[in-house]
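Trainee: Each protein sequence line maps, in turn, to chains A and B.
The first sequence begins at 1 in the numbering used here and counts up one residue at a time.
The second sequence begins at 203 in the numbering used here and counts up one residue at a time.
Each hint should be verified, as a subset may be incorrect.
[Unchecked claim] Here are the in silico distance ranges between beta carbons for each label pair: (1) A:Val123 / B:Asp282: 53 to 61 angstroms; (2) A:Thr9 / B:Arg353: 19 to 27 angstroms; (3) B:Gln260 / A:Asp5: 18 to 26 angstroms; (4) A:Leu33 / B:Arg353: 33 to 41 angstroms; (5) B:Ala387 / A:Lys193: 18 to 26 angstroms; (6) A:Arg29 / B:Thr257: 28 to 36 angstroms; (7) A:Phe121 / B:Asp282: 34 to 42 angstroms.
[Said to hold, decoys possible] Some chain A residues judged to face chain B by a derived CB distance under 10 angstroms, without partners named: (8) Leu24; (9) Met25; (10) Val123.
The hints are simulated quantities; they were obtained by calculation from the structure and are not laboratory data.
We treat Cβ as the ideally placed atom computed from N, Cα and C, and that holds for glycine.
Now for the letters of each chain:
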Amino acid sequence: MHIVDGALTTEVLLIGAALTGLGLMQGLRSMPLEKIPATGMLAATFFVASLIHVPLGPSSVHLIMNGVAGILLGWAAVPALFVGLLLQAIFFGYGGITVLGVNACNIALPAVLVYYLIRPFIVRASVRQQFIFGAFGGGLAVAGSTLMVAASLWFSGEEFIPAAKLVLVSHIPVIFIEALLSGATLYLVAKVKPELFMGRSW
Amino acid sequence: MRTALLMVLLTAISPWVWGHKVILDVFVSGAVVEGELGFSNGEMANQQMISVYNTMGQELAQVHTDKNGFFSYTPGQKVDQVFVADLGAGHLAKATLSASELTSNMQLSSAPVAQQTEAESPRLPATQLTSEQVNMALELQKLSVEIRQMRRALKAYKEQHDWQTILGGMGYILGLVGLGYYFAARRRLQDK
């Protein structure tokens, strides 16, 4: 999921950085005091989850958990995921600094999209339904990210369909695993800390 | 809290799924440049193409890794050599070997000619060598293999993630949460 430095054109890097900058501004400006611990917690979850790679055939895949971050945080997911990506780039060399804007955009924007699509249903859902909506949101966020990664590569000159196929196919297991984990996480949140779903996060 | 516990447990019980990334390592070995392409968890990338460029972006040669992710290359020019392996879907590994590292053993010309070599050590004409020289060559070959293994281990060690680094990242996040609290509290006080 992390695109590395040097793989994209300057135009794509600049557009990604600009979109992430706007997302960060929106996320920071509207982050309520009460959401800060949850934002930190989800940034840490993303930071660790992305480090756990599951070997799969010739390659490996890793968890992202951007769906959960999006549903619980809304726009505040952008700074949370950005910080996670920044620390991964600095500490582990995943992705890179110049491509950070694009990577953040690819991972955080689907999270915000899931927030708008799923959140209205989640706040009204029963505890069991939370699992289904959470799973759907988790899977959708990863699928959105894979398409955005493919689009970034496409705008940088690679053929969209092969790139999208390659990224999407390698992430199909992640979509399912992520859906299950996201559903379970939101089910747990609904059981033990339902106030996280209360109120608007933006 | 339970989610946090689950994440910590998941991380703790899964040392076999630690993250890894594509690593390209190049080094001078006698009269050739050798290199390896693999992952930080020790897996090697077999039959992958690696392009060699100069600093102007002109392609000098293309080499392929063998089944052990190993490749060998004879540079034709004394210029900085940039090795790029594109594994597709944004997975790009790059390594640079500066011109100063290229040894005088190499047959370097001013013309931009490069040769791809097979991924095996250059063979010496055995008929012209004494048994002592053959033994010495075999010893050198063994030494070369051992050094290669040490390089691989060193690279893997550099790339491994230890708990200190991960906890360091968590510490940064905690610090940023504190900073966020400060600014949010200040904003709330100003609003009152």
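Trainee: Compare the structure with each hint and give your call.
Mentor: Do the hints match the structure? See the list:
no., hint, result
1, A:Val123 / B:Asp282: 53 to 61 angstroms, "58 angstroms, holds"
2, A:Thr9 / B:Arg353: 19 to 27 angstroms, "34 angstroms, violated"
3, B:Gln260 / A:Asp5: 18 to 26 angstroms, "21 angstroms, holds"
4, A:Leu33 / B:Arg353: 33 to 41 angstroms, "51 angstroms, violated"
5, B:Ala387 / A:Lys193: 18 to 26 angstroms, "22 angstroms, holds"
6, A:Arg29 / B:Thr257: 28 to 36 angstroms, "43 angstroms, violated"
7, A:Phe121 / B:Asp282: 34 to 42 angstroms, "57 angstroms, violated"
8, Leu24, "12 angstroms, violated"
9, Met25, "13 angstroms, violated"
10, Val123, "19 angstroms, violated"
Violated hints for the displayed structure, listed by number in ascending order: 2, 4, 6, 7, 8, 9, 10.
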